[in-house]
Amino acid sequence: MLIVVLVFGALATAFGALLGFAAIRFKVESDPLVDKIDALLPQTQCGQCGFAGCKPYATAMANGEADINQCPPGGESTILALADMLQKDAKPLNPENGAHSVKRVALIREPHCIGCTLCIQACPVDAILGAAKQMHTVISEECTGCDLCLPPCPVDCIDMIPVDVTIKNWKWPAPNQSTRPDTRSFAVSS
Amino acid sequence: MGRHGAFRGGVHPPQHKTQSLSASIQSVAMPRILTVPLHQHIGTDAICLVKPGDHVLKGEKLARADGYVSAPVHAPTSGTVIAVEERPVPHPSALYSLCVVIESDGKDTWTTLTPAEDYTALNPSALRNLLREAGIVGLGGAGFPSYIKLNPGLDNPIDTLILNGAECEPYITCDDALMRERAAEIIGGLRILRHALQAQQCVIAIEDNKPAAIAAMEKAATNVDFPIHVQVIKTIYPAGSEKQLIYTITGKEVPSNGLPLHIGVVMQNVATTAAVFRRIAYGEPLVSRVITITGGAAVNAGNYRVPIGVAVSDLLGLKEGQQPALLLMGGPMMGISLPSMQVPVIKTTNCIIAVGQGEMPVSLSFRACIRCGACADVCPVSLLPQQMFWYARGRQFDRVQEYKLFDCIECGCCAYVCPSRIPLVQYYRYAKTEIWAQEREKRKSDAARQRFEARQERLEKEKRHREEKLKKRKQALLDKSPAADTNQSIAAAVARSKAKKTPSVDPDRHS
Amino acid sequence: MTIGEYGLILVSTVLVNNFVLVKFLGLCPFMGVSRKLETATGMALATTFVLTLSSVCSYLVHAYILQPLDLVFLRTLSFILVIAVVVQFTEMVVHKTSPVLYKILGIYLPLITTNCAVLGVALLNVQANHGFLASAVYGFGASVGFSLVLVIFAAMRERLASADIPEPFRGQSIALITAGLMSMAFLGFDGWVRT
Numbered sequence: 001m002l003i004v005v006l007v008f009g010a011l012a013t014a015f016g017a018l019l020g021f022a023a024i025r026f027k028v029e030s031d032p033l034v035d036k037i038d039a040l041l042p043q044t045q046c047g048q049c050g051f052a053g054c055k056p057y058a059t060a061m062a063n064g065e066a067d068i069n070q071c072p073p074g075g076e077s078t079i080l081a082l083a084d085m086l087q088k089d090a091k092p093l094n095p096e097n098g099a100h101s102v103k104r105v106a107l108i109r110e111p112h113c114i115g116c117t118l119c120i121q122a123c124p125v126d127a128i129l130g131a132a133k134q135m136h137t138v139i140s141e142e143c144t145g146c147d148l149c150l151p152p153c154p155v156d157c158i159d160m161i162p163v164d165v166t167i168k169n170w171k172w173p174a175p176n177q178s179t180r181p182d183t184r185s186f187a188v189s190s
Numbered sequence: 191m192g193r194h195g196a197f198r199g200g201v202h203p204p205q206h207k208t209q210s211l212s213a214s215i216q217s218v219a220m221p222r223i224l225t226v227p228l229h230q231h232i233g234t235d236a237i238c239l240v241k242p243g244d245h246v247l248k249g250e251k252l253a254r255a256d257g258y259v260s261a262p263v264h265a266p267t268s269g270t271v272i273a274v275e276e277r278p279v280p281h282p283s284a285l286y287s288l289c290v291v292i293e294s295d296g297k298d299t300w301t302t303l304t305p306a307e308d309y310t311a312l313n314p315s316a317l318r319n320l321l322r323e324a325g326i327v328g329l330g331g332a333g334f335p336s337y338i339k340l341n342p343g344l345d346n347p348i349d350t351l352i353l354n355g356a357e358c359e360p361y362i363t364c365d366d367a368l369m370r371e372r373a374a375e376i377i378g379g380l381r382i383l384r385h386a387l388q389a390q391q392c393v394i395a396i397e398d399n400k401p402a403a404i405a406a407m408e409k410a411a412t413n414v415d416f417p418i419h420v421q422v423i424k425t426i427y428p429a430g431s432e433k434q435l436i437y438t439i440t441g442k443e444v445p446s447n448g449l450p451l452h453i454g455v456v457m458q459n460v461a462t463t464a465a466v467f468r469r470i471a472y473g474e475p476l477v478s479r480v481i482t483i484t485g486g487a488a489v490n491a492g493n494y495r496v497p498i499g500v501a502v503s504d505l506l507g508l509k510e511g512q513q514p515a516l517l518l519m520g521g522p523m524m525g526i527s528l529p530s531m532q533v534p535v536i537k538t539t540n541c542i543i544a545v546g547q548g549e550m551p552v553s554l555s556f557r558a559c560i561r562c563g564a565c566a567d568v569c570p571v572s573l574l575p576q577q578m579f580w581y582a583r584g585r586q587f588d589r590v591q592e593y594k595l596f597d598c599i600e601c602g603c604c605a606y607v608c609p610s611r612i613p614l615v616q617y618y619r620y621a622k623t624e625i626w627a628q629e630r631e632k633r634k635s636d637a638a639r640q641r642f643e644a645r646q647e648r649l650e651k652e653k654r655h656r657e658e659k660l661k662k663r664k665q666a667l668l669d670k671s672p673a674a675d676t677n678q679s680i681a682a683a684v685a686r687s688k689a690k691k692t693p694s695v696d697p698d699r700h701s
Numbered sequence: 702m703t704i705g706e707y708g709l710i711l712v713s714t715v716l717v718n719n720f721v722l723v724k725f726l727g728l729c730p731f732m733g734v735s736r737k738l739e740t741a742t743g744m745a746l747a748t749t750f751v752l753t754l755s756s757v758c759s760y761l762v763h764a765y766i767l768q769p770l771d772l773v774f775l776r777t778l779s780f781i782l783v784i785a786v787v788v789q790f791t792e793m794v795v796h797k798t799s800p801v802l803y804k805i806l807g808i809y810l811p812l813i814t815t816n817c818a819v820l821g822v823a824l825l826n827v828q829a830n831h832g833f834l835a836s837a838v839y840g841f842g843a844s845v846g847f848s849l850v851l852v853i854f855a856a857m858r859e860r861l862a863s864a865d866i867p868e869p870f871r872g873q874s875i876a877l878i879t880a881g882l883m884s885m886a887f888l889g890f891d892g893w894v895r896t
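Chains as they are written, first to last, in this note's numbering: chain S, 1 to 190; chain H, 191 to 701; chain L, 702 to 896.
Certain hints may be false.
Sample of chain L residues with no beta-carbon within 12 Å of chain S, all distances over it, derived [to be verified]:
(1) Met702
(2) Gly705
(3) Leu709
(4) Lys724
(5) Val757
(6) Leu770
(7) Val786
(8) Glu792
(9) Gln828
(10) Ala835
(11) Met857
(12) Leu877
(13) Asp891
Here are the simulated SDA-like pairs of lysine to any residue, each with C-alpha atoms no more than 20 Å apart in a straight line [to be verified]:
(14) H:Lys442 to H:His419
(15) S:Lys171 to H:Gly546
(16) S:Lys88 to H:Phe587
(17) S:Lys91 to L:Pro800
(18) H:Lys622 to H:Ser446
(19) L:Lys797 to S:Met85
(20) H:Lys297 to H:His419
(21) S:Lys88 to L:Arg860
(22) H:Lys509 to H:Gly548
(23) H:Lys622 to L:Ser863
(24) S:Lys168 to S:Ser140
(25) H:Lys634 to S:Ser77
(26) H:Lys632 to S:Pro72
(27) H:Lys632 to S:Leu86
(28) S:Lys168 to H:Pro278
(29) S:Lys91 to H:Phe587
(30) S:Lys27 to L:Phe790
(31) S:Lys88 to L:Tyr803
(32) S:Lys36 to L:Pro800
(33) H:Lys634 to S:Ile139
(34) S:Lys36 to H:Asp588
(35) S:Lys55 to L:Pro800
(36) S:Lys103 to S:Met160
(37) S:Lys171 to H:Arg619
(38) H:Lys634 to S:Leu129
(39) S:Lys55 to H:Gln646
(40) L:Lys737 to H:Gln591
Please keep in mind that the hints were generated in silico from the structure rather than gathered at the bench.
No residue lacks a Cβ here, since even glycine has one placed at the ideal position from N, Cα and C.
All chains should be built: construct the whole structure from the sequences, respecting the hints.
And the structure:
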């Protein structure tokens, strides 16, 4: 009996020492997976996923606290990319988080703007130009369509305009029949 | 220079070329309205220089090039600019694009032309600039600004200059006709290109189904003071594709993400070469080109020299009471179908096909892929169309790219042989534009992330600033309030003076 | 043992008595990590490392500690201890060298500890009275067989992902059916080597 205890004790100590040494030798500092996940997200910082921005959502996904189908602006392509990276099953967008819509940018109706700067403070990417009592304008190239400027505006003078399709950003449609409708993609339209 | 083995793959579709070769190149009556798009080339749109109401002469610049990869656009005839607005253009999307609309004054007056007979005295950069300002782009169909090809740089000496007279696509005969009738212009242009590139060897490649063109070019190439080799190649589609033709002529492969100039080769279409000649010899910018009108539903099949900007409706004569089944701009393998006849002919238009009923099977339904592999057998780029199809269909775009999607030249050989009639090229085009759209989205989201993080930093900094200021103010208040301290020192002084005034009573002292 | 006999051990463990498809051990990582070829390859390498090392270490513990001290009845316990240590070590190495692979393998990396193929190899070594080199070859062969099948299966699953599969069969169902068909195919090696 004593032999057993001694032998196992010795073995355990030896292995423990080895592992301890390995733990120090192979210490890992940071967690780059969060950054990799964040790189796949559309950066609208809109909060529709239920988190306070894209980085918190990415962190939650890295920790397994959030599902991959909570981002409406990212749409199907983001879900597929996340499924690929995290080795999970792709699934349809969670309707509780919102619906995927065509890309829109904000437009301020200038005759109604009162220069209150509330929308400027709300914009997460500083895409609104203006100052107190001065005209406010949305820089359309930087606007991500997150809708966060709409609630603060006291005179409701901001409209969301769908982005035009031009020859520059036109995409060939997928051919008529059977773009894969199931395990990889859910909406046959893209 | 010997003939090397042909490239792997390729197909032999029926040629349908005799229909448009019965007469020589004819001209067309100048129409009243011409629509000139500002984007007829690869690269950035040209910047418009005219406004409605301006009177322009033939060959006058309507729009200037914007940046390095761009080309100017010239007026095809004299007249008045009646509009600068979005009009239908030949593009598969059927969308509109910015055009200059000119109403012809019937006089067709040229602007002042500046030929450059003494071009050999010009330095290469000046020569290239002349061609750039003439708006010359690749007339074989791609529309790449030609002057860029003439600038390989000092690191890439050019060994071989090849003129592409292959014209491998069925129905199209405009290059054939040009070679038969304007061989001297082509040779003249070849001389200029050779000088610009300092090329060692010159080759003119022609498919063997054009005996008259071969004879004409060989005749024009004799008695020239530098050697020109007219190379006859076997007729196969797509022999005229740039990389495939380079391989056939030189035996060298253009690297996957490289250009022909990296292996010392430059290729120009024969029509482009003739346009170069006309600019240097006569000073004419690119304002017209030869196109083929053909198809079962066309009554006036043949080759025509047409001004850029003519509407297809002004060119195409249809059989009485017959609607074409399909209207194609380009060939049946790589052309696009036009939504209406109101689109203009542009620099890269080489053919208009009015497809008669039953002339080409238009099959809209297709069957499942049976993995037969016929597509891989015929791919001239040695890709795996089957794998690209499966992954494009499954929206796994990173996998499609692993199969070298962007090397696909969209020639259509794979779709031509598919027994299930799958529109393979449409899948690859869909994948390519999706990938480009995703890359654009990625760039935008990266920029948005940078702005967001910069904003966070700014807000943090402002917060810290405010807190520091508050702290400083509190501190200053503490230092600055003499009231408290002064009261204390006054009280201390009063206490001291009181103590001096009232002598201390010493109980031991005898009074 | 002659070279020929080591060769036979290899052929046996890789093909004839393949641990996954014939002995049906180690099915958890086989099904769980075979969606993408890259992760499957990573897992295969990790398992190879673990299997070979633990096969050798188990032999050493058994031959030089348990047998001399007549504690052979403790072999299951001590083998599990050895395997757990080796897996922990491997986990740390993977975490350091490829954090993405580490996160993607996720729970399957520590689950190599409970991979019955690993313990199976150690116990079968004892049962067959293999010497040091034979144990090493046996462990290595088992891992090569596992890796081979895992990689083949992953490649097939990638193709299945874009294929036209009827609704009831999509997902794990078609994967298991495929695994069953692969297993039948490997039955073709039956009778090559008798071990």
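Practice task
Check each numbered hint against the structure and report the violated ones by number, ascending.
Solution key: 6, 7, 8, 15, 17, 20
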